[in-house]
Amino acid sequence: MAWEDVRPIHADGAGAPIRVGLVSGASLELPAGITVGEALGRLGVAQGEGEGRLLAAEREGETWELGRPVWEDVRLRPLTFDDPRGRLVLRHTAAHTLAQAVKRLWPTARLGTGPATEEGFFYDVELPEGAGPDILPALEREMRAIVEADYPVVRRVVDRDEALALFEAREEPYKVELIRSLPPSATVTVYTQGEFIDLCRGPHVPSTGYVRALRLTSVAGAYWRGDESRPMLSRIHGTAFPTEDALERHLALVEEARQRDHRRLGRELGLFMLLDEAPGSPFWLPRGVTVLNLLTALMRRLQEMHGYQELRTPQLLSADLWRRSGHWEHYRENMFVVRDEDGEFAVKPMNCPAAFLLYGQSLHSYRELPLRYMDFGGLHRNERSGTLHGLMRVRAFVQDDAHLFVTPEGIGAEIAAVLDLVRQVYGIFGLTYRVELSTRPANAMGSEELWRLAEDGLRQALAQAGLEYAVNPGDGAFYGPKIDFHVQDSLGRRWQCGTVQLDFQMPERFDLTYVGADGARHRPVVIHRAILGSLERFTGILVEHTAGALPTWLAPVQVRVLPVAERHRAAAEALAAELRGRRLRPEVDGPEEKLGRRIRQAEVERVPYMAVIGDREAEAGAVSLRGRGQGDLGSITWQELAARLEAESTVDGAGRLC
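Take 231 as the starting number for the sequence shown in my numbering and just add one per residue.
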């Protein structure tokens, strides 16, 4: 049966009118069973075209297809390609179009899974022998033929046994495995477009013709279901847009992103190295350590100003502690486990249990709360080797981590203070951000009642802060819902960095209490919080965001002092010593190379300033100053140079960091 065959069972008033409205306010009384697309049309939402074409709708965090019938009162938010959820719907259909093209060209190919992603889509397939490496042009041509045919994308609901029979007959063993993993009573959805049928939850756009522009980008290996013991499939990557212009703009950004790749720039700028001897664990060079220290100093200073206290907790903690926290059950596969004569231990993947352990060692009064602990301890997570990616996905990292112990009555004020701190920190870097609320996951720990309390607390805090947010259903941590912050870089890409998690579960598990004004023991609530997130990852984001041209306050070398000839070296060294005495970061590049070459090298290394000293400058106690990307800035005195650097080394709200 398809969407239009699904009817709810009404005790009374079957077919009674329903009220359908827009989140923006307008609503109408409409006949029950009207489709989402028809309802939006009645409400005055234009179908649009190009990047403004209507693709789907959102209802309380869930994406609804335009062909879905509406049987109860709802409020909808139209989705176009401008919205991340709309992009996912279009690209999901593009992934199916890729799979359809694969089956047309190689009927014996076996299909795995094919999700949409923020940047595009991919499909994992087992190709037959003879499908060589140059498959993308032929696949693209076949995909365009499918788009031109404009096949309707039709959803059907089938029971588990029918789905098994369907995909066994089609000789799709990976689909059969997925269906067998479902409970016997499960209902299954499949989607058809032309002769093609696929196992899928959806949602999709109404027809293949919506995918007006597409490009396949690469083929790589990927283990089935991410398991190294399972077959290696071919992962075909691509992207899709509603117009060719949008696709061309994207491809230009992809090329720019390639030029900005932090892995290349990190080596060129002398920040870090990635070596086979320590997969997923960066080797930080002196300049990179300077950047990490400055980021840490920034977060330490801002948090101290907000009443945080710093902890330092052990790297190795007993398995009993992780069992107590629930991580042994929910997170063990991501932990590095160590055994000795004293038992089992794990290298900590997060700081939370250590903070709870310390809080529980003392009796606390309500007058002490909120109690704010920050911890910059090193963390290790056993990420799969295939997922490692430069600084963006590592095994060894440091977070600007904090745990806040608050009274239930103090939740709103404390989260409001955290949201203000988030706004301040991202403002320093000139980063805008999108907010997501992630709710109770399938493997949640604790009662639904406590989860509702936690989710309502986060919703209220976001509403009071006036922040718009999207709902990400089922993506909360196993112990509590969370607010995630997705920063947008200069290329328009989004990166999840900060998080605020509200936790009623761990205080129960660790029997944490405080003495209230009534003299009785009460449970605190814990707020888990990070803003930059992993300092390693945030550094990678910043390097790509700025193309390596870090702001003066964060640049590991703030000024390159360039003596024109050997006789000017003493003056250059004296200037550098004076600047170091003022806690600035100069570097002298001697006259062994020609001046023009040294200036070009400083530009390549993104040094903010170059101070040239020749005969006239040495005699006058001055420099001829050049700015990164600005050229000649004229002659200034040493004192003026120092004052300029000091002014640019001051961070709003934090002052000088070192």
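FYI, nobody ran anything at the bench for these hints, they're computed from the structure. Beta carbons: idealized from backbone N, C-alpha and C, even for Gly. Hints are not guaranteed to be accurate.
Unchecked claim - Label pairs and their in silico Cβ distance ranges:
(1) G811 with D550: 47 to 53 Å
(2) D882 with D312: 27 to 33 Å
(3) A368 with Q690: 31 to 37 Å
(4) Q277 with F566: 36 to 42 Å
Claimed, not checked - In silico SDA-like pairs for lysine to any residue, Cα to Cα no more than 20 Å straight-line:
(5) K824 with L814
(6) K824 with R810
(7) K824 with E808
(8) K824 with G857
(9) K824 with E796
(10) K824 with G778
(11) K824 with G811
(12) K824 with A807
Each hint, compared with the structure:
1. G811 with D550: 47 to 53 Å: Given range 47 to 53 Å: holds, Cβ gap about 52 Å.
2. D882 with D312: 27 to 33 Å: holds (31 Å)
3. A368 with Q690: 31 to 37 Å: violated (54 Å)
4. Q277 with F566: 36 to 42 Å: violated (53 Å)
5. K824 with L814: Distance ~26 Å between K824 and L814 Cα, so the pair is violated.
6. K824 with R810: violated (26 Å)
7. K824 with E808: violated (25 Å)
8. K824 with G857: holds (19 Å)
9. K824 with E796: holds (12 Å)
10. K824 with G778: violated (24 Å)
11. K824 with G811: This hinted pair is violated, its Cα atoms lying about 29 Å apart.
12. K824 with A807: violated (23 Å)
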